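Asker: Protein sequence lines, in the order shown, are assigned to chains A and B. Here the numbering used here is used: the first residue of the first sequence is 1, the next is one more, and so on. Here the numbering used here is used: the first residue of the second sequence is 1001, the next is one more, and so on.
Just so you know, the hints here were simulated from the structure itself, not pulled from any lab data. Treat the hints with care, since some could be wrong.
Stated by the list, open to error - Computed Cβ-Cβ distance ranges for the label pairs, DEER-style:
# : chain 1 : residue 1 : chain 2 : residue 2 : range
1 : A       : Phe103    : B       : Ser1101   : 47 to 55 Å
2 : B       : Gln1081   : A       : Gln155    : 34 to 42 Å
3 : B       : Glu1094   : A       : Gln155    : 29 to 37 Å
4 : A       : Asn86     : B       : Phe1114   : 24 to 32 Å
5 : B       : Ala1116   : A       : Thr319    : 22 to 30 Å
What the hints assert, rightly or not - For lysine-lysine, the following DSSO-like pairs were computed, each having C-alpha atoms within a straight-line distance of at most 27 Å:
# : chain 1 : residue 1 : chain 2 : residue 2
6 : A       : Lys240    : B       : Lys1027
7 : A       : Lys28     : B       : Lys1115
8 : A       : Lys240    : A       : Lys296
Source: prediction; values computed, not measured. Ideal Cβ placement from N, Cα and C applies to all residues, glycine included.
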Amino acid sequence: MIVGKASWFFENEPVIIATGVTGGPFEKNGKLAEDFDLLYDDLWMGEDSYEKAHRLLIDEACRIALEKAELTKEQVNFMIAGDLINQITPTSFAARSLAVPYFGIFGACSTSMEGLALASFLINGDGADYIVTGSASHNAAAERQFRYPTEYGGQKPPTAQWTVTGAGYAIIAKQNEKYSEKPKITAATIGKVIDMGLSDPFNMGGAMAPAAADTIETHFEETGRNHEYYDLIVTGDLGKIGRATVLDLLHSKGIHIPEEKFLDCGLMLYKEEQPVQAGASGAASSATVIYGHLLKQMNYGFYKKILCVATGALLSPMTVQQKETIPCIAHAVSIEKNS
Amino acid sequence: MLAMFFWAFVVGGLFCVIGQLLFDVAKLTPGHTLSLMVVAGAVLDGLGLYEPLMDFAGAGATVPISSFGNSLVHGAMQEAQAHGIIGVITGMFEVTSSGISSAIIFAFIGALLFKAKG
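Make a model of the complete structure from these sequences and hints.
Answerer: Written out as structure tokens, the structure reads:
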């Protein structure tokens, strides 16, 4: 059911019945290594290109999620997913082997929540029984496309972020007795594209902050909820600079979220001593942390209601070369658990 | 001898400082910065300033990429004196060919032996 202009309430409460989360060597050494289902020791993962390794991350995440849900791929109605690479080929190639009817979506690093919102809407409206959704990124494949090939050894400023190698996938299903203990999706707010005129591709967190603030504000306005409704509000990959900017922006609009309730997936993945500059980024940042770490925390009872806001910078290497500014977007989905 | 080391360190370091400022302050890409340094070396040699700098700072002036610009102009001028206008074209590559060839050969060997770790 639509509320306001851009928010949905999901009255039938679709549930996340299982997740599959894969990662690379940097994630293996990170803070959340235990929350991954499968971690690889090197970026090649036994494949002969980074892009093929990227596809493998997705293949395996889907396989694990299906296994945990005790479903066969024939039972799944749709796959709604994407990644950062040109024409989202890693995801489409994974969809080729999964052979499930497929919606390829691109929302840069907001893809995870874009997919979850769409999947929930479809399930809520009886449009499907099971949907697999998620997003992925691969550090070296993304660096090659958006910045420089890693072999080139180009310098990075401290505002730059580290692209996560990983894939986070979830299976969304209709609510029924069997799934009453599973986390359910109760609402979503779709963001609009916002461009504040920033053009530095090495400071994406700063560029994405206004989009995140706008979506959070819209979500509160349209759903009538406020930050007290949630135990946790988590953004996708704003990093240190972006997170501080969002808090400031919301503050100036009269929304005072306590710092400890406002986390960023990009700041949760890695240890302090890992050289990730301003934090993690990439389509897998929000997907792996939300589907891996946070849902586990919800199952342990640490959190009951969380608002996940995944942010995306909608640039391409071409627009950067042509000195265009960076349009950004954020989508919010609320996940809740029965106590 | 020690003075030579000192000046090589200072002059070479200054080239790096300029490069870093072009990155951080002027926000140039690595490609732009590299090209600008080559052009700067060429212009300095055209003005007759790079040769004295090399005498003064040794490796501090020959190792940075600006010395490649210097070599291009230097070779062109030398050959032009000997063979006229055609020498401008042949001379550019005569002096720099060892640098270019070794870059290609060593990169090739590197690519054969190693795989990027990401």
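Asker: Which numbered hints does this structure break?
Answerer: Of the numbered hints, all hold.
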